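So the sequences go chain by chain: A and B.
1 is the number of the first residue of the first sequence in this note's numbering; add one for each residue after it.
1001 is the number of the first residue of the second sequence in this note's numbering; add one for each residue after it.
These are calculated hints, taken from the structure and not from any lab test.
Values in this document were obtained by computation on a predicted structure and should not be read as measured data.
Any given hint could turn out to be false.
Result set (PhoX-like, lysine-lysine): computed pairs, CA atoms no more than 20 Å apart in a straight line [stated by the list, open to error]:
| # | chain 1 | residue 1 | chain 2 | residue 2 |
| --- | --- | --- | --- | --- |
| 1 | A | Lys108 | A | Lys129 |
| 2 | B | Lys1180 | A | Lys75 |
| 3 | B | Lys1180 | A | Lys108 |
| 4 | B | Lys1161 | A | Lys104 |
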Amino acid sequence: MKKIIELKNISKAFDGETVLDNINLDIYDNEFLTLLGPSGCGKTTTLRIIGGFETADQGDVIFMGERINDIPPYKRNVNTVFQRYALFPHLNVFENVAFPLREKRVPKDEIEERVNEMLKLVALSGFEKRGVNSLSGGQQQRVAIARALVSKPKVLLLDEPLAALDLKLRKDMQQELKKIQKATGITFVFVTHDQEEALSMSDTVVVMSEGRIQQIGTPIDIYNEPKNAFVADFIGESNILDGVMLRDKRVSFSGHVFDCVDSGFELKEPVDVVVRPEDVDIVPEEKGMLKGVVTSVTFLGVHYEIIVDINGFKWMIQTTDFVDVDEHIGLYIEPDAIHIMKKSEYSGMFGDYSSFSMELDEIGELEEAHLEELSELGETDASGNAESERAE
Amino acid sequence: MKTLSKVYTALILLFLFAPIVILIVFSFNGSNSTAVMSGFSFQWYEELFHNSNILEAVRNTLVLAVASAVISTIMGTAAAVGIFRLRSKYLRAALDTVTNIPMINPDIITGISLMLMFVFVGRFFGLSNSLSFWTMLIAHVTFCLPYVILQVLPKLQQMDKSLPEAAMDLGCTHFRAFLKVEIPELFPGILTGMIMAFTMSLDDFVISYFTAGPGFQTLPVLIYSMTKKTVKPTIYSLATIIFFVILALLTLSNLVDSDTDKAIKEARKKKKAKNQAN
């Protein structure tokens, strides 16, 4: 496949705060690529650097083999669908879509033909004369897409385009976007914080966090083979445990030794172990590899979501079998349900389903106790207080 | 209580508008008495339109008002865009304050300082009399400018920041994006600013008094000099006409404003309804 955009060692800081830290990314012709991550991870900045609205502090943007760092947006063969659509309120639907063609001085009949063709593609024929403010959110979205596609760009950038739509409309638009991408053969670079959206639409998913790329892969790879605790936690639900690799295909965690399918680790290497909640079977206690007590059960329609306490670590399990709170159960885990990851900076930060409120309460209490300590120190000795503040 | 508040309102309206009503009534007086109405007549209006001094002053005032409105609108819009695009918060606040100074500063000080500057610069270039139409124009643009900026700046802040970006994305240069997308968005603000600048220039007396040259007199300055002699009812009829012209302009500017307000409100309402539907 042909590379269409290459980002090489891109870094960017705003007011001294690093937003992008050495991003390297290849985008191929005709693919649907999604930049996925929580807000503030740098995904929108990456998109804006490709679009030409921001310039990278370091690194190169290569477009079809050519360095385009200093090319302004209007000379790039890349168009953007903005988060709030950015339709021109003083123009009607037809004129909005015709805007880029008029700028390029395309002949009148051709404009008419191409705009109508685009409006047909986004199912808005008959809306030509409507004002853009009289349209619904979904319709405005379609106008924005038509306007961005009418000048036949090589790449379409979409900045959380579905964020403002309600759930049902969002699902429909996901299908439609995918269809439009297939029909036009244009490369789509899509930004979202919604992991489900990313998994269902993309050919390639790029998971980002804190200005860095955590993992690049197909949706299935990203889900089944997460590279670290951040990816495992951000994509779907995960129980993430500390484990030790005993040898190839043998791992120990939660006080039990399991067969698994991963190999290539050093002997006794500490690792993060991921078990997806849907991959755990509930069995009678005496038959279980692990034994625990159910602490909560939530009915979610298709399945129950239960929290099981195993040696103080709370597991989340999704099951269609009913169990009661306080019941003692056993867990059975197949070898291929266990995914082993190298330790990373995110180890220990995710993957334990202890109730959040309890955790927060504990932290709050600790802080209060600490503050009291501080104020006591302050009463007796002002310099001591200053010191302990510095120690913080 | 209700009647009391009605009486109160009536009293306020009376105090506000009684002088103008009396002025209008006396502009149609048959004689030049300021105490007795002796029949309805248009004679003062007729005299007014035969007084070449007044007519020339009207022409001067209009030329000056149009010129200063156009110039201050162009400069003010550019200034607003410049202030809006400043990255530094402090610089922006500082410029905001500086632009407001001519508005808050007493006219008499603005007038004297401008006169002093014109005379000083004129002497510098060896002119015996530097005050003319051009000095007045500069003076009027100076005090009209803040009003335009004050109208355009909020429209810029209301505008979706990604609109100009979208235009550039779709093939516009910076300047064309401004012309094709930002100007239409800012237009209500620009128009209101222009109308305000026009009316400010039209009825300015203090600053004009100090900066007017002997060859170029505006209406307010002329009226002032006329009142030094015996007051003739022609002045009443002139004042009546000015009152109605300004009233019309004010109504127009309010209409433009409420139109955009309405559009904004409707858009908000629609959004709210949509959110509720979801």
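- Enumerate the violated hints, using their earlier numbering and listing them in ascending order. 4
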